[in-house]
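Sequences and hints are given; from them, build the entire structure.
Taken in sequence, the protein lines are chains A and B. For the first sequence, position 128 (counting from the first letter as 1) is numbered 128 according to our numbering, and the numbering increases by one without interruption. Count along the second sequence from 1, add 1000, and you get the number used in our numbering.
Treat the hints as calculated values from the structure; they're not laboratory data. All figures in this text were calculated on a predicted structure; none of them were measured in a lab. A hint or two may mislead.
[What the hints assert, rightly or not] Once the Cα atoms are required to be at most 20 Å apart in a straight line, the calculated SDA-like pairs of lysine to any residue come out as:
1. LYS1005/B x LYS20/A
2. LYS1437/B x GLU1394/B
3. LYS20/A x ASP1124/B
4. LYS20/A x LYS1437/B
5. LYS229/A x GLU1274/B
[What the hints assert, rightly or not] Pair by pair, the computed Cβ-Cβ distance ranges are:
6. GLY1017/B x GLY100/A: 48 to 56 Å
7. GLY1017/B x TYR9/A: 48 to 56 Å
8. SER1082/B x THR209/A: 54 to 62 Å
9. THR230/A x GLU1372/B: 58 to 66 Å
10. GLY54/A x LYS1440/B: 53 to 61 Å
11. GLY231/A x THR1408/B: 42 to 50 Å
12. TYR297/A x GLU1372/B: 54 to 62 Å
13. ALA1458/B x ALA73/A: 40 to 48 Å
14. GLY231/A x LYS1005/B: 22 to 30 Å
15. SER299/A x ASN1010/B: 31 to 39 Å
16. SER1242/B x TYR9/A: 26 to 34 Å
17. SER153/A x LYS1441/B: 38 to 46 Å
18. VAL261/A x LYS1440/B: 53 to 61 Å
19. GLU1361/B x VAL261/A: 51 to 59 Å
Quick reminder that beta carbons are idealized off the backbone N, C-alpha and C, glycines included.
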Amino acid sequence: MNSHILNFYTTPIVDEIGVKERVARLNSRSVKKQSKMAALHLALSMIDLTTLEGMDTPGKVIQLCQKAKYLHAPFSDLPMVAAICVYPTLVKTAKQELEGTAIAVASVATGFPSGQTDLQSRLAEITYAIEEGADEVDMVISRGKFLAGEYESVFEEIARAKEICGKVHLKVILETAELTTLDQVRRASEIAISAGADFIKTSTGKAKTGATQPVTLVMLETIRDHHLKTGEKIGMKPAGGISDSKTAIRYLVMVKETLGVEWLTPKLFRFGASSLANDVLMQIAKQKGGAYQSADYFSKG
Amino acid sequence: MVDLKDFTENYAPAPEGVEHVKLKDSYHLFINGEFQKPTSGKTMTTINPATEEKLAEVAFADEQDVNAAVKSARDAYTNIWSKLPQKERGKYIYRIARAIQERSREFAIIESLDGGKPIRESRDVDIPLAAAHFFYNAGWADKLEYAFPGRKANALGVAGQIIPWNFPLLMAAWKIAPALACGNTVVLKPAETTPLTALKLAELFQDIDLPPGVVNIVTGDGSTGSNLVSHPDVNKVAFTGSTAVGKSIKKTLAGTSKRYTLELGGKAAHIIFEDAALDQAVEGIVNGIFFNQGHVCCAGSRLYVQEGIQDELLAKLKSRMESLIIGDPLDKNTDIGAINSKNQLDKIQELTFSGKDQGGEIYQSDSCSLPEKGYWFHPTLITNVSQSHRVVQEEIFGPVLAIQSFRTVEEAIEKANNTPYGLSGGVWTDKGAKLFKITKKIRAGVMWANTFNKFDPASPFGGYKESGVGREGGLHGLYPYVELI
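Quick look at the structure:
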């Protein structure tokens, strides 16, 4: 394990201008007609419907779960969203409400969103979430420790979290807005992947900015390099700020052209989003009927 | 039922609409502000290399026609253009620039139809840059006294200009814009296989009321160009094309008082150090060699990779090549279009097979099947080659990359310079000091650091050694069109 850790001081260099150019080129892909329809359906199936507010209540979570179950009654061929993402105390409510469906329940944990508490409590939170029934855990890393250069300690907390998770899916939130450079994003991604993350995730949704395309591209490239080296497939979850279909499709193009078709599945790619689903539904309606419908025809979660 | 494969496997066709593009069945020579039939009545056919379908008949200019064009340019120079105030000349050039912008979509489509390049490139690179060159040089037109402080910049007279088929409109802009800005008049000869955008440009000159004869356009083949070069009343020759033709032009001009600039072939070294940002370097390599099907004189066609990262970089490069889309140049998603002509395709094939015969290993991505009609070539990597191989020495002018490894900075520099060419080069490293050390020692006119194939009208472009003489673009690009007193 030590040889892994030492490598974190010499992770590959990332050139920000080059990354942005690549993103711009990917964004010039024209996804129309049946390709657009397929992409919209794919996007819908990859959404983690999320509510992470201090004022969340069981009532609110139940309503969100019902939205997940009955996305849009007029269309019968819609896929299910992938998961509901909530705070640990609301996992049980969500689990009960979603019983009998294929929709997973994801819980944030480890002192979300800042991670600024002692490791024992943070890990205990994972145990609690799993006991409550969480199928997936979205943990945050200690950005403070990361920025202080204590990479071993960040590695350690993720590895311990994975130990507790066992088969429960672990998504590791890097909170890239606080890592500030793409070099740091690359380094944090490598730490998370080698410590056992099943998914790496950009953001909590609580920082100044959420997911961005350049950050996501760097994370996807880290995943690809890991795959080239080991054959392992790590998942990716951009979260925060992706609220319209056009942006979502651009992310899917990035995944397709960086990692290939195999990653275009909810098993390996998710959107953490609260308002994306309805925009995707509106676009699907537009593709089917040829005209935009009023937002009033689409139920709020 | 929605089939996810419609997204995951291929993108649906997204062709650029061509309904609004007006092409005539036949085009005449543009002389003295009018389209005139060639005296011989001879024509040639220009085709779409992606479909082999005929696009238009184009006039063939013989010696008499070239004489008429040069006379028209001389008259326009003496009677109109040289008498206009600099500021007025500048206004005309600005009008050309704006008109190109207004019709950019039409120009882009014709460029892709006639030349086979992807619409993404003609739309985002060729046409905007062509307009930018006119804008840039328009600015100089009335500021020549600041360009050459303390000296008087006199126009030369008539410029005979010959341009290649790889960037037809852009090369026309590179040539015409500085010539006009410095007060010269022009006879331009477009390439045989790609004359259409230059002829559309002639229509544009009529529409904006450019005085007759200031720019004349004569289409034809090598003999037309040769007549233009040897015409006694041409004061300046500007040529972009192959090194072989460049040498023969130089011979023709020896002993005459004609000025000349030659922008010729290249075999650029693209050097990747182990401390480079590798994923971005891969993108640079792809842009360097596959941009415009590799029909780029400054293409990064010799790749040098530091040995320690060679395997990793090649794996990344191959993975990237999987996502390149080859096909209909008019589809907005196409990355690699058609090879410009049958001739060029034959040349690319011959050289690539020579690489194989000499023991090189060929890699071509099989992610994309090639269309049946038209001229196509898979993006190709050749490894296990060395400086002694033809594919390393000769300009292929196609999407074929010869890859070698190196070990030290000195070795990289030595190999990069081990070529008769010296047009461009690229270096990728995160270390600033190393960048400056190397770029200073490589004998090439343009060096890119941590990027490749970037162009700007304000930046001079041109070659060392057999890659040419003189510079185009920037302040340096004005010198060849003025006599300083």
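Query raised in the report: Of the numbered hints stated previously, which ones are contradicted by the structure, given in increasing order?
Result: Per hint list: 1, 2, 4, 9, 11, 12, 13, 16, 18, 19 violated.
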